[in-house]
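Engineer: This is what each chain is made of:
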Amino acid sequence: DTGVSQNPRHKITKRGQNVTFRCDPISEHNRLYWYRQTLGQGPEFLTYFQNEAQLEKSRLLSDRFSAERPKGSFSTLEIQRTEQGDSAMYLCASSLDSWEQYFGPGTRLTVT
Amino acid sequence: SQQGEEDPQALSIQEGENATMNCSYKTSINNLQWYRQNSGRGLVHLILIRSNEREKHSGRLRVTLDTSKKSSSLLITASRAADTASYFCGNRDDKIIFGKGTRLHILP
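Line by line, the protein sequences are chains A and B. Each step along the first sequence adds one to the number in the numbering used here, with nothing skipped, and position 23 is 23. Each step along the second sequence adds one to the number in the numbering used here, with nothing skipped, and position 64 is 176.
These are calculated hints, taken from the structure and not from any lab test. Just so you know, not all the hints are guaranteed correct.
To be verified - Derived Cβ-Cβ restraints for the label pairs, each shown as a range:
| hint | chain 1 | residue 1 | chain 2 | residue 2 | range |
| --- | --- | --- | --- | --- | --- |
| 1 | B | Ile125 | A | Ser66 | 43 to 51 Å |
| 2 | B | Asn143 | A | Gly72 | 22 to 30 Å |
| 3 | B | Thr189 | A | Arg22 | 33 to 41 Å |
| 4 | A | Pro70 | B | His217 | 41 to 49 Å |
| 5 | B | Asn164 | A | Arg81 | 43 to 51 Å |
| 6 | B | Arg166 | A | Gly85 | 38 to 46 Å |
| 7 | B | Gly128 | A | Ile26 | 29 to 37 Å |
| 8 | B | Ser151 | A | Phe74 | 19 to 27 Å |
The beta carbon of each residue, even a glycine, is placed where N, CA and C say it ideally should be.
Chain B on its own, in the form it takes in the complex (with noise of 0.2 Å):
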């Protein structure tokens, strides 16, 4: 069974504004991680956030931890073309138990 539940499930926005993106997940976490997939580079780790920090940024990202309603969101700034891809919320606990993801599409 899948532990996060992102929303939307898709999500197209113009290029320069700003994306967000949701996760919920329905037990406890040490961490939650976020992941980039587009079909030309694989799933790729963006960002990690541990169950004690509730905001961290990484460059046009930032990533926002509330416990107590088990969610997060992913911010993504400036969106450009590149950004184009699904994105998955996963918790980490040796394995990661990923989410659906929310497909992103950036218009020109």
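With the rest of the complex left out, here is chain A (with noise of 0.2 Å):
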């Protein structure tokens, strides 16, 4: 399968406790975006780089937030200090330039 992976699935974890999550794109996409999904919403958009460099982070990217994407390919989401209102779906998406992007299965996390 060469679409964007997502990992992990699921995540648990407690209050407080720091959570990485990990994008691979789709190889020869440069751009590659993060998004967050609560129930009943859709996806919000919380940053996106183009090659390695972070081009735009929304306010909704808190302090506690971090996103890398070091050699331009794979791409990593930290939280720091997690809290209950951190659950949610968290998206990955992909894609070449400005044309369509290609959605990961997602990490869903419960900060409990």
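Please dock the two separately framed chains into a single complex, following the hints provided.
Structural biologist: Structure, rendered in structure tokens:
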């Protein structure tokens, strides 16, 4: 399968712990996006990269959130000191320039 | 804040019937996209319509765009059980701003 992959698919953590998610985009795609989705809502944009450069960050991305794409391939999203409000589905997508975005299956985070 | 607002929020129809859902947006767009999301396959891109287009077809899907009214509609003809999903519209300007979606349920 050459689509976008995300790991882990599910993560349960206790409040205050740090978590890290990984996204592997489609190999030839230069852009990578992170979104967050809560129940009953559409996905909300968090941040995106073009190659290794982080070009935009949403106001939703507090100081506890950090994303990297060190070699312009896979990306990681880290949440420090997790809070219950961080519980959501975290979606990654990739695209070639401004063309269609392909989404991964998501990582479901539950903070207890 | 979300750009698109889908209407209705939920829709149930009999298999074989047509389903129509609408999307309104707030600011000017370069293009508008429709996505489908179900539990099995995640978010899947359905169709993109550019701001200078009025109508676009893809298989059983028909999308219209009225930039004067800042609205779009998605028509699914001859619905099937597999069409049961949530449908989102979103504008595209590097990032996608999604609405809350229409939950479509196809009844057997």
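Engineer: None of the hints should be skipped; say for each whether it holds.
Structural biologist: These are the hints, each one checked on the structure:
no.	hint	in the structure
1	B:Ile125 with A:Ser66: 43 to 51 Å	44 Å, holds
2	B:Asn143 with A:Gly72: 22 to 30 Å	26 Å, holds
3	B:Thr189 with A:Arg22: 33 to 41 Å	40 Å, holds
4	A:Pro70 with B:His217: 41 to 49 Å	43 Å, holds
5	B:Asn164 with A:Arg81: 43 to 51 Å	47 Å, holds
6	B:Arg166 with A:Gly85: 38 to 46 Å	42 Å, holds
7	B:Gly128 with A:Ile26: 29 to 37 Å	36 Å, holds
8	B:Ser151 with A:Phe74: 19 to 27 Å	25 Å, holds
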